[in-house]
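Below, each chain spelled out in residue letters.
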Amino acid sequence: QKEVEQNSGPLSVPEGAIASLNCTYSDRGSQSFFWYRQYSGKSPELIMSIYSNGDKEDGRFTAQLNKASQYVSLLIRDSQPSDSATYLCAVTVNDMRFGAGTRLTVKP
Amino acid sequence: GAVVSQHPSWVICKSGTSVKIECRSLDFQATTMFWYRQFPKQSLMLMATSNEGSKATYEQGVEKDKFLINHASLTLSTLTVTSAHPEDSSFYICSARDPAVLAGSTDTQYFGPGTRLTVL
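Residue numbers (our numbering), protein chains in the order written: chain A, 129 to 236; chain B, 2 to 121.
The shape of chain A in the complex, shown without the other chains:
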């Protein structure tokens, strides 16, 4: 079982819609959870971090964490074409492990 699993996509949503990205992790000792955005040919850019169960909102982004289900998600409201990228879920126990990423396309 992979340590961090994401649906590779591609996920396609129309402009203005809500994009929902999901991630599961295997290590119950995981302490910190992150979502990074990576444009093609570029390095990852931190979008959100979440450490406790529940929701965390930052602008159009909401991260949700459920440690009992070992599940973390990212919602992007009012999706824009500029949100089209690969979204990486990362989980930290002793070091940071990344999922394979979900490719999101927002169509105008």
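Read the hints as simulated data drawn from the structure, not as lab findings. Hints are not guaranteed to be accurate.
[Said to hold, decoys possible] The following label-pair restraints were derived from C-beta to C-beta distances:
(1) 206/A - 75/B: 39 to 49 angstroms
(2) 64/B - 205/A: 44 to 54 angstroms
(3) 143/A - 66/B: 44 to 54 angstroms
(4) 138/A - 88/B: 19 to 29 angstroms
(5) 131/A - 52/B: 16 to 26 angstroms
(6) 180/A - 55/B: 26 to 36 angstroms
All C-beta atoms, glycine included, are put in the ideal place defined by N, C-alpha and C.
Let chain A serve as the given structure and place chain B on it in line with the hints.
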């Protein structure tokens, strides 16, 4: 967020040569830096953890004699790919932890812009 730079941003070299990549934390002191490798359409794979003043910790399957890591100061870590071969062609990305970031976010890593290595 904190700023991490890498140099060079891209490099093309001949098979058998060595290539050095620098990773610098510009506005903070990073006791720990990380080196990742990313092949096309794949996720980031941690290669090694670079600790200032001590030996790097390598992930399983990563040859420490081939990928030399030096973390000589609190703001600089270098990765040297020795005797590079075409299969080493990849996107190499470093990241650093900012120890000044407070509780709850101490694990946040900031990534450099990456170095694209092409070995002919």
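CB-CB spacing for residue 205/A and residue 64/B relative to the 44 to 54 angstroms hint: Hint holds: Cβ distance 45 angstroms, inside 44 to 54 angstroms.
Please check whether residue 180/A and residue 55/B have a Cβ separation lying inside 26 to 36 angstroms. holds, 33 angstroms
Is 44 to 54 angstroms respected by the C-beta to C-beta distance linking residue 143/A and residue 66/B? Holds, since residue 143/A and residue 66/B (Cβ atoms, about 51 angstroms apart) stay within the stated range.
Does the Cβ distance between residue 138/A and residue 88/B fall inside 19 to 29 angstroms? holds, 28 angstroms
Cβ-Cβ distance between residue 131/A and residue 52/B: within 16 to 26 angstroms? holds, 22 angstroms
Range hint compliance [Cβ, residue 206/A to residue 75/B, 39 to 49 angstroms]: At 41 angstroms between Cβs, range holds.
Of the numbered hints stated above, none is contradicted by the structure.
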